[in-house]
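Asks: Sequence:
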Amino acid sequence: MISWRKHYKKGLIAIGLLLSTSASIYGQDGDPKNGEKLFKANCTACHALGKQVIGPDLKGVVDRLKTEQGLDTDWLHKWIKDNKALRASGDKYANEVFEKFNKTEMLAFPNLADKDIDDILAYTTNPPVEEPKVDPTATTATGTANATPANNTTSSIVIISLIAIAGLLVWILIKLRQLVKLGQSEELTGLNETRVKSFSEIYEKYHYIGKGLLAILAILATYGIWNWIMWIGVYKGYKPEQPIYFSHKIHAGEQKIDCQLCHSSAKYGKVSEIPSMNVCMNCHRTVSEYNGKYLEPGKDKAFYDGEIQKIYAATGWDAEKQQYTGKTTPVEWTRIHNMPDFVYFNHSQHVVAGEQAIINSFNKKNPDNKIDVVCKACHGKIDTMNVVQMANDFTMGWCIECHRTTEIDMNNGYNKEYFKNLHEKLKKQYPKDGGKITVDAIGGLECGKCHY
Numbered sequence: 001m002i003s004w005r006k007h008y009k010k011g012l013i014a015i016g017l018l019l020s021t022s023a024s025i026y027g028q029d030g031d032p033k034n035g036e037k038l039f040k041a042n043c044t045a046c047h048a049l050g051k052q053v054i055g056p057d058l059k060g061v062v063d064r065l066k067t068e069q070g071l072d073t074d075w076l077h078k079w080i081k082d083n084k085a086l087r088a089s090g091d092k093y094a095n096e097v098f099e100k101f102n103k104t105e106m107l108a109f110p111n112l113a114d115k116d117i118d119d120i121l122a123y124t125t126n127p128p129v130e131e132p133k134v135d136p137t138a139t140t141a142t143g144t145a146n147a148t149p150a151n152n153t154t155s156s157i158v159i160i161s162l163i164a165i166a167g168l169l170v171w172i173l174i175k176l177r178q179l180v181k182l183g184q185s186e187e188l189t190g191l192n193e194t195r196v197k198s199f200s201e202i203y204e205k206y207h208y209i210g211k212g213l214l215a216i217l218a219i220l221a222t223y224g225i226w227n228w229i230m231w232i233g234v235y236k237g238y239k240p241e242q243p244i245y246f247s248h249k250i251h252a253g254e255q256k257i258d259c260q261l262c263h264s265s266a267k268y269g270k271v272s273e274i275p276s277m278n279v280c281m282n283c284h285r286t287v288s289e290y291n292g293k294y295l296e297p298g299k300d301k302a303f304y305d306g307e308i309q310k311i312y313a314a315t316g317w318d319a320e321k322q323q324y325t326g327k328t329t330p331v332e333w334t335r336i337h338n339m340p341d342f343v344y345f346n347h348s349q350h351v352v353a354g355e356q357a358i359i360n361s362f363n364k365k366n367p368d369n370k371i372d373v374v375c376k377a378c379h380g381k382i383d384t385m386n387v388v389q390m391a392n393d394f395t396m397g398w399c400i401e402c403h404r405t406t407e408i409d410m411n412n413g414y415n416k417e418y419f420k421n422l423h424e425k426l427k428k429q430y431p432k433d434g435g436k437i438t439v440d441a442i443g444g445l446e447c448g449k450c451h452y
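Under UniProt numbering, residues 1 to 452 are what the sequence shown spells out, in order.
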C-alpha cells in the first residue's frame, strides 16, 4: 500500500510539473537568442512583444494559439511562409486575422527555414533577458558621479590657489610683525624724515616706472578687447537642451543608424536640415518604447519612453489605434550650428566631392582619433554624444587651416583631367612633396568662394 501511494504521489508531481512548464516548453524547440536576431531583422517593422502595433502582439503567440484556437506550430509555419496561400486555401482563422487587422497583408517569408521559424517562435515564448548597459560615467551607489578629468583639473587649480593665498597671508603677517617691531625702535624717526609725503613726489621720483606700467596695461587691455571681439559668435561646446531629448549615442552609436538617413539633404543640398518628425515616425511608429541595453546616467527606461510619447504628441499619432489623429504640435528645436548670412557653405560639396579627401586628411592629422564618416570631421564624434554640442570653433581661420592641409584626391577621374596642367606645375614647384595639391591650390582661399 505504501509503495502504491509513493508511486502515485510521484506521478502527481510529474503531471503537475508537466502542466506548469508546458507553456514555456511548447514552441521551445528553437534557439531564443538566434530567434531574437531573426525577429529584429524580419518582424519588428510590424510586430512587438507585449503590445499590438501594425500587427498583433506576438508575445506567447504559440501558447495563445494552442489555447484559444487549438492550432499548433505547423499552422504558424504556413502562415509565416505564405499567409496569402493559407488564406486562399480557405483557412478560417487566417482570414479572421486578415479581416481583424484591416486587411493589411503580411509579407511572406519563404526564405525562412523551419529551424529559423522555430527560433523566432522560441524567442516569442521565452525572450532572453539582458541587463542594461550603463554608461562608464554612471553615478555610484552614494549618488555621486565619477570625477572627470575636467573636474580634477578644476580641483587642482582651486587647491593651488588656496595654498597661494595662505602663503600670501603668512607673508603679510610676517611683514606686519616686522613693522610693529620697527615702530618700537629709534630707527622709525630716521625713516620718517626720508618718507615721501605726497603723490606728486612719488610720481616725480618714479614717473618712468609709472609710464612703463601704464603702457603695459594699455597693451594688455587692447589685446584683451581685440581677443574678445575676435571670439564673438564662437560657441564651441555649446549644447542647449532640446524640447524632445534625442540621444545621438543611442541612434548613431548603439543602433548604427547612418547620419544621412535622417539628414538626407546634407548629401544633396547646401543645408543639412533638421529632420521632419515624420522621419522619426518611420521607426517610432513601431518602436513605442525603449528596450535598448544602454542607459545614460540619471535616466531610466521610463524617461526614454516618455520622450517617445512626445514624438507621438507632436505628430498626432494614436499608438493604440495605430493611426494619425490629425492634431499635430510643432516642435521648437534650439539651433546649435548657425552659419552667418555672409558665409556660403555647401554641405554636398564636402559630403560628396570632398568626402574621402577630408577623411584621409583628418585621420592623417589625428592618428589616435580616426573617423569613418566625413560628418565627424566638423561635428565631432557625434555617435558618442548624448546631447549634441558644437565640437569645433567654425571660425574663418579654422576653415582656412583645413583648406591648407586637406590634400585633393588626384586619382579621381574628374580632378585628374580637369587639374592636369596644374598638377604638372605643382610637381615642378614642390618636388619634395611630389606636387601634392591641397584645397587652397585650386581656389580654396579665394574670398569669392565663401563670401558673396
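A few of these clues could be false.
Result set (BS3-like, lysine-lysine): computed pairs, CA atoms no more than 27 Å apart in a straight line [what the hints assert, rightly or not]: (1) K416 to K428; (2) K92 to K66; (3) K270 to K66.
Derived CB-CB ranges, DEER-like [unchecked claim]: (4) N363 to P275: 25 to 31 Å; (5) T384 to D72: 29 to 35 Å; (6) E204 to M396: 35 to 41 Å; (7) G233 to E273: 21 to 27 Å; (8) K364 to K100: 56 to 62 Å; (9) N102 to K416: 24 to 30 Å; (10) N366 to M396: 40 to 46 Å; (11) E446 to I232: 40 to 46 Å; (12) Q69 to T384: 18 to 24 Å; (13) N102 to K267: 43 to 49 Å; (14) Q69 to E105: 45 to 51 Å; (15) K321 to G233: 28 to 34 Å; (16) W333 to N34: 57 to 63 Å.
Hint data in this document are derived by calculation from the structure and do not stem from the laboratory.
Even for Gly, the Cβ is constructed at its ideal location relative to N, Cα and C.
Asks: It remains to establish, for every hint, whether it holds in the given structure.
Replies: To see whether the hints hold, each was checked on the structure:
1. Taking the CA atoms of K416 and K428, the gap is about 17 Å. The hint holds against a cut of 27 Å.
2. For the proposed pair K92 and K66, the alpha carbon gap of about 15 Å is at most 27 Å, so the pair holds.
3. A C-alpha spacing of about 58 Å is found between K270 and K66, which places the hinted pair above 27 Å, so the restraint is violated.
4. At roughly 28 Å, the beta carbons of N363 and P275 sit within the given window of 25 to 31 Å.
5. About 48 Å separates the C-beta atoms of T384 and D72, a value inconsistent with the hinted range of 29 to 35 Å.
6. As the Cβ distance of E204 to M396 is approximately 49 Å, the hint placing it in 35 to 41 Å is violated.
7. Our hint of 21 to 27 Å for G233 and E273 holds, since their Cβ atoms are close to 22 Å apart.
8. Between K364 and K100 the C-beta distance comes to about 60 Å, which sits within the given range of 56 to 62 Å.
9. N102 and K416 have their C-beta atoms about 57 Å apart, which leaves the hinted 24 to 30 Å range violated.
10. Under the hint 40 to 46 Å, the C-beta atoms of N366 and M396, about 22 Å apart, miss the expected range.
11. Evaluation of the 40 to 46 Å hint for E446 and I232 yields a failure: the beta carbon distance comes to about 25 Å.
12. Evaluation of the 18 to 24 Å hint for Q69 and T384 yields a failure: the beta carbon distance comes to about 49 Å.
13. For the hinted restraint 43 to 49 Å between N102 and K267, the CB-CB distance of approximately 36 Å leaves it violated.
14. At roughly 20 Å, the beta-carbon separation of Q69 and E105 lies outside the given 45 to 51 Å, and the hint is violated.
15. Distance hint for K321 and G233: a CB-CB separation of about 48 Å, inconsistent with the stated range 28 to 34 Å.
16. Checked against the hint of 57 to 63 Å, the C-beta distance between W333 and N34 comes to roughly 40 Å, which is inconsistent with it.
Going down the numbered hints, you'll see the structure goes against 3, 5, 6, 9, 10, 11, 12, 13, 14, 15 and 16, while the others check out.
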